[in-house]
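Novice: So the chains spell out like this:
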Amino acid sequence: MAYNLKEVVANKPARFTSGHRMCAGCGAPVVGRMILRALKNEDHAVICNATGCMEVSTFIYPYTSWTDSFIHTAFECAGATLSGVEAAYKAMKRQDKLSGTTTKFIAFGGDGGTYDIGIQSLSGAMERGHDMVYVCYDNGAYMNTGIQRSSATPKFADTTTSPAGKVIPGKMQSRKDLTQIMVAHHLPYVAQTIAINNFKDLYEKSEKAIYTEGPCFLNVLAPCPRGWGYATEDLMKINKLAVETCYWPLYEVIEGRYVVNYKPAKKLPVEEFLKPQKRFKHMFQPGNEWMIEEFQKEVDNRWEELLKLEEATKDIAVNE
Amino acid sequence: MSIRERLSGNEAAATAMKQINPDVVAAFPITPSTEIPQYFSTFVSNGTVDTEFVAVESEHSAMSACIGAEAAGGRAMTATSANGLSLMWEMIYIASSLRLPIVMSLVNRAVSGPLNIHNDHSDAMGVRDSGWIMLFSENNQEAYDNLLMAHRIAENSKVRLPLMVCQDGFITSHSIENIELEEDETVKKFVGTYKPEHYLLNDKEPIAMGPLDLQAYLFEHKAQQAEAMRNAKKVILEVAEEFEKVTGRKYSFFEEYKMEDAELVIVCMNSTAGTAKFTADKLRNEGIKAGVLKLRVFRPFPAEEIAKALSKAKAIAILDKADGLNAVGGPLFTDVTSAMYVNNVKVPTVNYIYGIGGRDTKSDDIEKVYNDLQEIAKSGNIDNPYRYLGLRRE
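So the protein sequences, as listed, match chains A and B. Position 275 of the first sequence, counted from 1, bears residue number 275 in the working numbering, the numbering being contiguous throughout. Position 326 of the second sequence, counted from 1, bears residue number 1326 in the working numbering, the numbering being contiguous throughout.
Note that these hints are calculated values from the structure, not bench results. From the three backbone atoms N, C-alpha and C, an ideal C-beta is built for every residue, glycine too. Hints may contain errors.
Calculated cross-link-like contacts (lysine-lysine; reagent style DSS-like; alpha-carbon spacing at most 25 Å) [claimed, not checked]:
#, chain 1, residue 1, chain 2, residue 2
1, A, Lys90, B, Lys1189
2, A, Lys93, B, Lys1189
3, B, Lys1018, A, Lys97
4, A, Lys166, A, Lys40
5, B, Lys1189, A, Lys40
6, A, Lys176, A, Lys155
7, B, Lys1018, B, Lys1188
Listed next, the stretches of chain B that the computed footprint assigns to chain A, with coverage defined by at least 3 CB atoms under 8 Å from CB atoms of chain A [as the list claims (entries may be wrong)]:
#, segment
8, 1023 to 1029
9, 1052 to 1058
10, 1066 to 1079
11, 1087 to 1099
12, 1202 to 1209
Sample of chain A residues at the chain B side, in silico, Cβ under 8 Å [what the hints assert, rightly or not]:
#, residue
13, Val46
14, Trp66
15, Asp68
16, Ser69
17, His72
18, Thr73
19, Ala74
20, Ser83
21, Ala91
22, Ile316
23, Val318
24, Asn319
Pulled out of the complex, with its shape left as it was, chain A reads as follows (with noise of 0.2 Å):
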């Protein structure tokens, strides 16, 4: 059946309820929340949240936004964890000391829990097969702290370890490409995605990811108002842009097959996503032209290798 905004949020009931406290404008939400939409009704599930942003918000004792059963441990370790999670309910399944009910697993990480100091125990689940889905709402920065960088921050972002000064003008280090990482796990399902267009590429991954046995990565683009420095209505607009210019490419990798889910006719140039972000404020200051430039010829790069793997991968046969 076709994808419908309306009857998915119609039928499919907010497992991630309102009255948490993310700010406004914050792109994370609002994936988690699509995201659990695209579990059947009848399925329970676990969610395991890397410490971050996401968790430090919505579980707040005693109360908490998600009414499916929920763990936090720590910030390294949500594959670890539901890893563990995973494997006792194998165990308990084969033994029948559970109900019949179907249950899914969900990692949720920011980019710091992910790229960063989780990527060893991410590595881990993948690589040990635990059929589950490690989601990364990646804001490119340790928004929790305060907007330090990590490896996710794109080059020349200004943040608070990565300060533009009148020396060195911000992140001067390319973004690790996680994506491509997870990729060479060798899994049944990788994609990168983000929140446009209705949701319609955020939902119909993260049903593939959830239902595809086995596991599964999700790399979603989630801005960050206060890291990034735009107006809070701007978000979808931001997240809009991301993929226009080519920045956050639609993509997902089926069984080793790249397909790219979206091809801009017109590709924006990269100064469009840059220009309403505070972050990138001072490359657009006269004299560091050459900053958007380099900016501009990465992206350009990622793009043009991303669709080479489209089309060197065209023919790997997949049970879709």
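Chain A is fixed; fit chain B onto it per the hints.
Specialist: Relative to chain A, chain B alone:
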């Protein structure tokens, strides 16, 4: 009927785990505990157990996975040593604060650095106030028995705390001894099935665990944890009593060896107790009233009971297989002497740091301690309570 066997300490631990048949074992190899997950994965491969074995990529993940599995509603077990436990440290506290009765075999080894793979107790002492129940084992039999009692203690509704069973790396973990094993059915019946009240996989009652717990509640939650540790004392004795009925083997907070009339007392834990008992026997033949207090339950710390047991001694030596690095003495020394002070027991007491990094402790060494105690008992003089045993001074 008990079964006579010859097993190493690690084999004994793995055998107990096999008979307990937990839902999940998550472990990472580290000397000298590596054999435990090795033996256990053979049980998994051969279908001897129903367990899901999670071959994690680090000890941090081992404890994280155990937390996930136990929170899910299963029984989770692991084994580690030294730096493995150090890497788990963050999760060790989280396991106890989530009140998850995870059971661990800790095969004691010196914590780095520098790197050393041999036995001392610096690993266990690093987590002594993390909210885990800590049982120490003199030999392979005790390592096995302590594991059989572990879940009954940890899962008790008045306790709900994780528990670690310690034994000495190499000294007992790799030494083969005669041991009495219980029948699989006996163990199964004694350990019982795990029935958690709330758990993640109960789809009828979803639960959220591990909140952000701020000023309004954390204090109360920590106080509940402390209360659980106090409650554990009674439960440990109840379980020991039941265990004795089934196996005939008697356990308590500590073993009092020739303590009825002992004047010179050594307090120690794990395998050194064997050497101390041997030496006490030898001295008894010479008419010296030597005794040994071997501590089994280090956490909860049976302060009042220890003070009472030591009250009639004339001189006491507390042997610590971990230095305090605090200019005061080892952790067992500071705990025992504070228990004595609070309970009005005034006996001259000295501390010996010994066996660090696997330095052998022989009966001659123990005899030297008793000789020192004789002097102290006679003169009442202690020039320096913070001493070393077997340390080369040159």
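Novice: State for each hint whether it applies.
Specialist: Hint check:
1. A:Lys90 <-> B:Lys1189: Roughly 24 Å between the alpha carbons, so the hint for lysine 90 of chain A and lysine 1189 of chain B holds.
2. A:Lys93 <-> B:Lys1189: Distance ~22 Å between lysine 93 of chain A and lysine 1189 of chain B Cα, so the pair holds.
3. B:Lys1018 <-> A:Lys97: holds (19 Å)
4. A:Lys166 <-> A:Lys40: violated (53 Å)
5. B:Lys1189 <-> A:Lys40: violated (40 Å)
6. A:Lys176 <-> A:Lys155: holds (10 Å)
7. B:Lys1018 <-> B:Lys1188: Since the Cα atoms of lysine 1018 of chain B and lysine 1188 of chain B sit roughly 10 Å apart, the hinted pair holds (cutoff 25 Å).
8. 1023 to 1029: With 3 residues in contact (Cβ-Cβ under 8 Å with chain A), the coverage given for the segment 1023 to 1029 of chain B holds.
9. 1052 to 1058: holds (count 6)
10. 1066 to 1079: Holds, because 10 residues of the segment 1066 to 1079 of chain B bring their Cβ atoms closer than 8 Å to Cβ atoms of chain A.
11. 1087 to 1099: holds (count 4)
12. 1202 to 1209: holds (count 7)
13. Val46: holds (5 Å)
14. Trp66: holds (6 Å)
15. Asp68: holds (5 Å)
16. Ser69: Holds. Min distance 4 Å.
17. His72: Cβ of histidine 72 of chain A sits 4 Å from chain B, so the hint holds.
18. Thr73: holds (5 Å)
19. Ala74: holds (6 Å)
20. Ser83: holds (5 Å)
21. Ala91: This hint holds: alanine 91 of chain A lies near chain B, its Cβ roughly 4 Å from the closest one there, short of 8 Å.
22. Ile316: Result: violated, 28 Å to nearest chain B Cβ.
23. Val318: violated (29 Å)
24. Asn319: violated (26 Å)
Of the hints listed earlier, those the structure fails to meet are numbers 4, 5, 22, 23, 24, in rising order.
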